[in-house]
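> This is what each chain is made of:
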Amino acid sequence: MQNNAQETERLRQYKKRSQLGSVCRRFAKSRTAMFGLILLIILILIAIFCGFFLDYEGEVIKQNVRERLQFPSWQHPFGTDQFGRDVLCRVIWGTRISLSASLVIIAIATLFGALFGALAAYYGGMVDNVIMRVMDIFYALPFNLLAICIVASLGNGMLNLGAACVVGVIPGFTRVFRSAIMPIRNQEYIEAARACGTRDLRILTRHILPNAMGPIIVQATLNLAITILAIAGLSYIGLGVEAPAPEWGTMLSDGREYMRNYPYLVIFPGLAIMISAMALNLIGDGLRDALDPKLKN
Amino acid sequence: MGRYIAKRLLLMIPVILGVSLLVFTMMELSPGDPAQIILGIRATPESLAALRTELGLDQPFWVRYFNYIWNALHGDFGESWRSGLPVLQEIMVRFPSTIKLALGSMALMVLVGVPVGILSAVKQYSLLDNVTLTGALIFSSMPSFWLGTLLILAFALGLNWFPATGGDTIRSYILPWITLAASSLATLVRMTRSSMLEVIRADYIKMARAKGASEQRVILRHALRNALMPIVTIIGMDFGKLLGGTMIIEQVFTLPGLGSLAITSVRQLDVPMVLAEVLFIALLAGFINLFVDILYVYIDPRLKSQYVMLRKVRR
Amino acid sequence: MDEKQILEIENLSVEYRTDEMLVRAVNGVNLRLKRGETLGLVGETGAGKTTLALTLMRLLPRGIGFVTGGSVKFDGANLLSLREGDMLAYRGKLLSMIFQDPMTSLNPVIPVGKQVAEVLELHNEAHRTKEQIEERVDEMFRLVGIPPERKGEFPHQFSGGMKQRVVIAIALACEPRLLIADEPTTALDVTIQAQVLAMMTELKEKLDTSMIMITHDLGIVAETCDQVAVMYAGEIVENGSVEAIFEGERHHPYTEGLFGSIPRLDIETERLRPIAGAIADPSDLPSGCRFHPRCPHCTQRCKAEAPAEHVVNGHMIRCHLYEGGAKA
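Protein chains in written order, with this note's numbering: chain A, 1 to 297; chain B, 1001 to 1315; chain C, 2001 to 2328.
Errors might be hidden in some of the hints.
Unchecked claim - With the C-beta cut set under 8 Å, the calculated list includes, among others, these residues of chain B facing chain A:
hint: 1; residue: Gly-1018
hint: 2; residue: Met-1027
hint: 3; residue: Ile-1178
hint: 4; residue: Val-1274
hint: 5; residue: Ile-1281
Rather than coming from a laboratory, the hints here were simulated on the basis of the structure. All C-beta atoms, glycine included, are put in the ideal place defined by N, C-alpha and C.
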């Protein structure tokens, strides 16, 4: 009898480990993933609070010809650019632009991607065909080309760049979500829910989406990194954020003219892009391993 | 097999039509009056009106679209609004540079990425594996234009080993190749590694070992081909990404390719140029993708026999 | 060493070590097998049967599975101290193995005939020519009941039962001394199971091969085996002739539990009596007797002290109940 009591106790404890808990535990165990998370938290804090210790008008975009093109020093740790602006201040402010822009872009794209993917996978047949063929058209165009066309038709600027990124990311999201939802749709518990008379919307939101969450989260995180790179890239070729806003890609592009003699102008903004993208990549990989330990090698 | 290729080619038609319609519509939305762009600011209202009629701009959207497609099918993509030269001619001038850049990067990516990924999987957890994974992480987080800039700083301006700009010699393509390949290469290495790791754990690999096959034989004869199957598809899809990447790389290294042409034409609102170029790139990516898919059918006996069997049934 | 013994396992222990845990999968196993005989290795999933088989093949996952003690003598040689290069000559030639799932045991991109031919090419001491090898492949296909014309086909063109026949052809192509069959029929339909088993037994007799049959199906054991070893949590808890295990009165409580869990035609019972609880967690083995948390006869001594191997009526039982040869 005592054995049985021990056994039930053991089983009870076993059940306590929820799925979310074990995912978090696995994530926390990965040193690289935690490193990425810490980096991201620091970047987010910088993005949120840079307004408190930096004066946008006075320090970030104000030109100061007397101090132009100074090498890194105590006073200007990252040096100053061709207009005498402190590069460190601009790089810090750039965090806000890149992070917030990519977050908004991915949030919108995830919403649409999940919607299209769910519709295609859930209804199948004609709906699936139409959605996926339209996505094929977008997929046939390399991302940069699509973005260029959109910016060409809508005009330059951050908002249009964002729209271009959203449109560029949606097809990939739709595909991932569709293939994440597809196998769930055919599971018995969906059949069971339908047999109980559950409405489609409820099945989608309560039964299907929660089970497809894993790949969606991973895809969104990894695409945040890709979007940060894309924003910088499009700004670099002059299609995105306009001067004097301190966008990293624009800063790099502006610094090119002077890079032979003032290489720090192109090194620091690039480093900022890389660190942000790396933090997100580390988190994305960590999440993927934590959500599906089978995939971990 | 011929049937499969024909089917795939047919499937490409609606996609290309869709792309053309999409881009045609977007260009329609773009600000600016084509006649004004062609004739300049000092043109008289009469000449502007005459040109509009000549270009067919007074006709409805669908008529113009179908005219465009009809002419394009006959090899006439119109004239550039800026230079007045036939669009196709300009594209053909720029094409060799871009294809050199893209194919060179693809070759670099495959030749380096696949072996490194396999070695990394075979020596899992070794120093090599760790270095590879860290490298892959760094390169996939690096913006290509920054990597290109750094390479120029170090190897062109600093060490003077390669030219920083222009595309006259093969030497001047080395840095662009590396830059363009880097991020796709990083992804390919990781994909190859995980594909290989998955295959190594398969039962048929245990079976091959149980037969007394040496480790080398197990990897080369039994694991490699299976591990490469998913990789081939990825390489095919990456080609489109590389073509897109050429735009930025050509800016960094000031190469005279399609990418820089596209950016200039978009900035100048040169609609016929942009349209033709987008179609051209979409077609190119589509063909390479098709080529890779056909290759895939040859590698995977399951698919191959599927088509062979289909043929038998139809007979 | 007894001439007739083909395999002698002494006090063998195997561990799996990962970042997260240490799993003691095999603990102090002793086993002997005579030439031409079949040993049935039975036990629940996770008892360490497959680990034992992989240890004999020296195919434990590298960097994770380690032999921590004991010895394995096979045909006079100490398998565990062989260099990897020498081991290659044993695998597939003297020792071969059939894996559990025929659906995944064959390489999907190589024609089945070539997969059979490969093992012959790898162990081609007789310097057979290509044609002779092909002849032998045809012969093996006929032996396992597949028309040799199908040897150019790929695994996906075969059914599960046919695939397992191909696997058996590979395993027996070099007429090995010892065949390890790891649940060879678990993944097959019942009717196919019987066919495959009958064929295996027949071929084994013909080639005078010894066999270790790993299974959790006691019916298969009764049909095919000469000797039975019952495994629990990495230990052999009972080991004897098939008659002693199936017919004798005195058994390890775990064996009694196993037999209580299968339906019988000759005894009328209301319902089956499953063994309470789940198999011991090999990363956290219980103290004393590994079976004590589930044992209906558990005493204080069982919790503290691991039982020794006791010989009862000519077969081995690892249980305190049989100390001195009698049930207390």
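> Could you check if B:Ile-1281 really has its C-beta closer than 8 Å to a C-beta on chain A?
This interface hint holds because 6 Å falls under the 8 Å limit.
> Regarding the hint that B:Val-1274 lies at the interface with chain A, is the smallest CB-CB distance below 8 Å?
With a minimum Cβ separation of about 7 Å from chain A (threshold 8 Å), the hint on B:Val-1274 holds.
> Against chain A, is B:Ile-1178 within 8 Å by beta-carbon distance?
Interface hint status for B:Ile-1178: violated (16 Å vs cutoff 8 Å).
> Taking the least C-beta to C-beta distance, is B:Gly-1018 closer than 8 Å to chain A?
Check passed: Cβ of B:Gly-1018 comes within 4 Å of chain A, closer than 8 Å.
> Restraint: B:Met-1027 near chain A, CB-CB cut 8 Å. Satisfied or not?
holds, 6 Å
Comparing the model with each numbered hint stated earlier shows that hint 3 is the single one that does not hold.
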